[in-house]
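Enquirer: Take a look at the letters that make up each chain.
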Amino acid sequence: MSRVTLLALQVLVAVVTLVLWQVLSTVPVFGKVLLPPFFFSNPVDVFSQIVKWFSTGVIWKHLAITLWESILAFVIGSAGGILVGFWFARQPRVAAVFDPYVKMVNALPRVVLAPIFALWFGLGVWSKVALGVTLVFFIVFFNVYQGVKEVPTTVLDNGRMLGMNERQLMRHVYWPSALSWMFSSLHTSVGFAVVGAVVGEYLGSAAGLGYLIQQAEGVFDVAGVFAGMFVLSVFVILIDMGVTAVEKRLLVWRPTAAARD
Amino acid sequence: MAMTKPTAVALDGATVAFRLADGRVYTAVEQANLSVEHGEFVAIVGPTGCGKSTLLNVTAGLLKPAAGTARIFDRPLSGLNRDAGYLFQADALFPWKTAIDNVAIGLEIRGTPRAEALARAGRWLTSVGLGAFAGRYPHMLSGGQRKRVALAQVLIRDPKILLMDEPFGPLDAQTRQIMGNLLLELWTADRKAVLFVTHDLEEAIALADRVVIMSAGPSARIIGDWRITLPRPRDIAEIRMEKDFHALHREIWGVLKDEVMKGYVQSTQVGAA
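Residue numbers (the numbering used here), protein chains in the order written: chain A, 1357 to 1617; chain C, 1347 to 1619.
Be a bit skeptical, because a hint or two may be false.
[What the hints assert, rightly or not] Derived pair list, reagent style DSS-like, types lysine-lysine, alpha-carbon separation capped at 25 angstroms:
1) C:Lys1603 - C:Lys1351
2) C:Lys1589 - C:Lys1603
3) A:Lys1604 - C:Lys1443
4) C:Lys1443 - A:Lys1505
5) A:Lys1505 - C:Lys1410
6) A:Lys1459 - A:Lys1505
If you are wondering where the hints come from, they were derived from the structure by calculation, not from laboratory data.
It should be emphasised that the depicted structure is a prediction, and the values quoted were computed from it without experimental measurement.
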């Protein structure tokens, strides 16, 4: 399938879905509207809501807040995951002691933490960041731990025979290996940072995309909910494209990243 | 006034044992006595799983013998062998470094300024025939090219002893010969002590000054030691046609054959390590 055909078909799917949605929610079929506007709104209303947000500029504040929360959650969660991941991987005893607790906390659905974080950190940015951190931390932690553990023995022995001391092994062997594992999960961890931010906003806040959706839902403004969802997905896709670009630069040495040279 | 140089590697009664998962003790190598003189090329040949690599790891200091001693240049070995360079059987290059960075790293960690390390690494890459591949990552190189980089990586540090664990094992026959000749050419330039492990008797005879035969494991022993007096410089491909080569090969193979069969039988039995 050529690029053009693929793109045409992809656009076709969107057009068909939107047209069906619009028709079924406005034109009665046998005297009955199949998608009642109260529950399903319609694409035209959703679109005009989005246009309104952008033309009045209200949306930028919310986008900026969500983006800022996601970035903070990602950075703090990753830093913690890297530190603890390295520490546990290099100190098997510490890892063994903490193992059941790590598993326990990780098994916990993070949503239940949201009320606690709201109590601890208030309704501002930090309770959302905390929620995102609990999600990002574990992904990065497990990957870094794995990355340090799974350095091939031969590569490690080679480093030693070339005269590396512990610090140099860390820098030239463990660190790049751990990073490559971490980067392979970059999409997941960035995605979870956004999830943490939005869920946190949804459960209690005064700004952000989650807040916007929650507000619309509160007044049965279905068009507003769909509009918020749409803006959110575009937001996530844009961030994901950024991550892909970063990944391509950082993992050039990987067979998959640059297979045909 | 010629002072005799101390023996590069001297293993005396080296025994290596591993504790297995079920608690039994598996003796890989028993009472091995082996010496490599300064500038000597010694090849160890034995059936699969006889503990050749184990002996090499003892010499490298990666393994501690359960009994016996290892002396390097007349000093007892404790910890890693800092005089040795090790060419591994498996891929040991750092996959996240380019070819030139892989070669330069040995100098960099020693404190050589990066610019100088890179310049010297570039010269080494040229001398192993990879001058044009400096910027490639290991996965972009063929198996033979990766071995060349690994060889440069080891040699740039100018180790006094070169340990090689079936380094050309995974390569095809032609590439092996080319690599063998390259190795001899580089070795002739400064005559390091070499301990070369292989399962290929022909390769061993073609390369080495001495060929040492090990018995099938467990509790492998050194059961033969032949001096290879074929003239140097040698060409790996051509030397195999010589009459003296055939005579040596027949003689050594007579001893090795039985061990290879024993090793084969053991490897087909359940519970063999």
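Enquirer: I'd like to know which numbered hints this structure contradicts. Please list them from smallest to largest.
Expert: The structure conflicts with hint 1 only, although it agrees with all the remaining ones.
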